[in-house]
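Work the whole structure out from these sequences, hints included.
Those protein sequences? They're chains E and F, same order as listed. Note that numbering that gives the first Met the number 0 has the first sequence beginning at 0, numbered continuously upward. Note that numbering that gives the first Met the number 0 has the second sequence beginning at 0, numbered continuously upward.
Nothing false has been slipped in among the hints.
To be clear about the criterion: a stretch of chain E counts as covered by chain F if any three or more of its residues have a C-beta under 8 angstroms from a C-beta of chain F, and this derived list gives those stretches: (1) 143-156; (2) 163-176; (3) 187-198; (4) 361-372.
If you are wondering where the hints come from, they were derived from the structure by calculation, not from laboratory data. Keep in mind that this is a model prediction, so the values were computed, not measured. By construction, the Cβ of each residue, glycine as well, lies at the ideal position given by its N, Cα and C atoms.
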Amino acid sequence: MTVESTAARKPRRSGAKRTSAGNAKKQAAGQTDLVQLLTPEGERVEHPEYSIDPTPDELRGLYRDMVLTRRFDAEATTLQRQGELGLWASLLGQEAAQIGSGRALQTSDYVFPTYREHGVAWCRGVDPTNLLGMFRGVNHGGWDPNSNNFHLYTIVIGSQTLHATGYAMGVAKDGADSAVIAYFGDGASSQGDVAESFTFSAVYNAPVVFFCQNNQWAISEPTERQTRVPLYQRAQGFGFPGVRVDGNDVLACLAVTRAALERARTGQGPMLIEAFTYRMGAHTTSDDPTRYRSAEERELWETKDPILRLRTHLTKQGLADEEFFAGLERESDALAKRVRDAVRAMPDPDDLAMFEHTYADGHALVDEERAQFAAYQASFVTAEEGI
Amino acid sequence: MAAEKMSLSKAINASLRTALENDPKVLIMGEDVGKLGGVFRVTDGLQKDFGEDRVIDTPLAESGIVGTAIGLALRGYRPVVEIQFDGFVFPAYDQIVTQLAKMHARSLGKVKMPVVIRIPYGGGIGAVEHHSESPEALFAHVAGLKVISPSNASDAYWMLQQAIGSDDPVIYFEPKRRYHDKSEVDTSAIPAPLHAARVARPGTDLTLAAYGPMVKVCLDVAAAAAEEGKSVEVVDLRSMSPIDFDTLQGSVERTGRLVVVHEAPVFLGTGSEIAARITERCFYHLEAPVLRVGGFHAPYPPSRLEDEYLPGLDRVLDAVDRALAY
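Shown next, in the form of structure tokens:
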């Protein structure tokens with residue numbers, strides 16, 4: 000596993016609109032670039048194309064989002080271990096990529112996630128307890144996608160990139176001043192649907208941002224099994240810009256996504272963002288990463304921890320004191336307890352729920368089978384009452 | 000508009016035109032549907048009149064066509080997608096089965112999927128591989144999808160209107176070898192319910208059940224059988240999901256015999272389901288086992304052999320005779 004250098008970067012001459020041309024030159028030189036605004040040591044650095052000037056409140060807000068999301072995620076993992084959830088897909092390590100990109104969104108923007116975007120859901124105002132229904136097995140998605148402009152989790156890899164593209168085509172038809180963002184992983188980049196979504200979004204100039212969280216591993220398959228060129232460079236072949244951002248740098252993720260969304264909203268078409276990050280935990284709770292990757296690799300990435308580096312920055316700059324961190328700790332505990340209680344209180348669905356919503360306009364066979372099953376179930380009740 | 004005689008393909012064209020006129024959210028999408036008017040000219044003139052934003056020529060990527068149609072539906076549009084030929088639907092099969100079919104249930108009814116997928120299907124036109132298949136059972140098996148096929152111009156017009164009006168995803172199989180068959184279309188009529196079967200010809204001795212391209216064959220069979228003094232009823236199912244078993248049951252209770260005819264392979268096909276259900280429903284009315292006539296468990300053959308593969312007059316008559324012999 001090659002770990003990209005995040006140190007020296009040459010300033011770019013091109014503006015945002017010329018990113019593609021800029022990338023082309025770097026590709027020719029065989030370089031890979033990584034947009035970074037906050038180093039692993041917590042130092043602010045500038046980038047010529049993607050500058051950002053967050054207020055202290057915004058910085059503390061981003062930190063809070065990441066801490067609470069990590070705590071929620073840890074609680075869900077624990078709940079799985081305790082048998083309360085059938086499965087959990089942890090986002091540990093990817094908080095900056097998700098909070099940075101999620102906080103770049105405007106209310107009217109629309110999100111198409113995979114099944115790991117718990118941090119983005121948080122930014123959209125989806126109650127985290129709603130994310131747990133599908134993992135507990137009581138539904139396939141427990142929220143109204145249109146309430147928060149946050150689509151349901153999509154488990155088949157890459158399918159949602161086409162939904163995002165189609166939705167964005169609709170946004171363009173409506174003349175709406177909003178954009179769409181599609182999340183997917185490095186593994187999904189191998190899927191035909193992702194390639195087709197690139198094609199469609201480019202030829203229709205759809206206002207969609209493709210946000211690839213390259214967390215280095217698609218279950219046990221490394222990125223090298225998905226691609227022989229850096230993922231962000233894929234965009235060039237489809238005719239739109241791609242950029243690689245330090246996915247553990249919340250400020251860089253925020254700045255780059257904000258620029259990409261604005262670019263989409265103003266009719267300049269799609270853009271690919273590759274957030275170079277790392278999945279610290281297992282793919283899901285069913286996975287065992289010790290079988291396919293080294294402890295050293297994880298330890299190396301721990302030094303790039305997204306939360307730690309912002310904490311260092313806040314502390315060094317005197318933007319947050321111990322009281323702030325202690326308060327956040329209490330808030331985390333309260334969130335964890337709320338999540339724990341909500342999961343344990345989650346009722347199993349009604350027996351007949353499986354028939355509901357199969358069709359919007361009804362279907363004779365479903366009606367027949369539901370009636371038969373209801374009668375069958377009722378026969379037990381009658382028998383018990385008879386005793 | 001009053002009643003008018005038109006070909007099945009013209010009826011579809013008229014239906015699409017009406018849908019585009021009536022609802023600005025209706026979109027036509029597919030390969031070559033614009034300037035060319037589709038490889039069968041079914042969408043002829045629509046892009047000229049409604050523009051490239053409503054009649055959308057797409058990249059040659061079936062999964063992309065259906066996947067983006069899903070996204071457009073999520074945004075409030077009503078896409079009518081054309082898949083150029085039956086055998087080309089499989090690159091989109093994943094999107095249809097894992098996404099389109101399940102979105103309404105997955106969202107607990109919060110999102111609707113008013114997407115119609117038009118698929119010219121079936122053989123008999125001397126085409127090359129992948130241009131003559133009948134994959135309807137693969138779609139009918141998937142909960143969340145509705146699957147229909149018209150057999151004449153009037154149904155082609157009205158069933159497409161109803162499919163576009165439905166909030167469920169509908170797979171609309173067009174019998175391509177009947178595209179040029181003309182019949183009366185009354186565009187001001189009140190159509191039958193979308194999933195109701197129709198008794199296309201009444202009879203008393205045996206029921207032939209068919210849909211799409213096989214309805215004409217079955218009507219020819221009934222006419223031939225009549226010359227031999229046999230009264231054959233023909234039921235046009237029109238819908239393969241759901242199937243109107245009530246109408247079929249009524250017919251079989253009258254005739255006591257059923258032969259199901261379709262082009263698709265018999266094994267695990269629509270006819271298998273019909274045979275099983277009708278046996279459950281009409282066991283004491285049946286004078287003979289339900290027989291099936293259809294394609295074989297072999298890839299659709301090269302076109303020089305397709306007349307042997309497709310159920311024709313003689314094979315269906317043979318099944319009729321066998322059923323009547325019990």
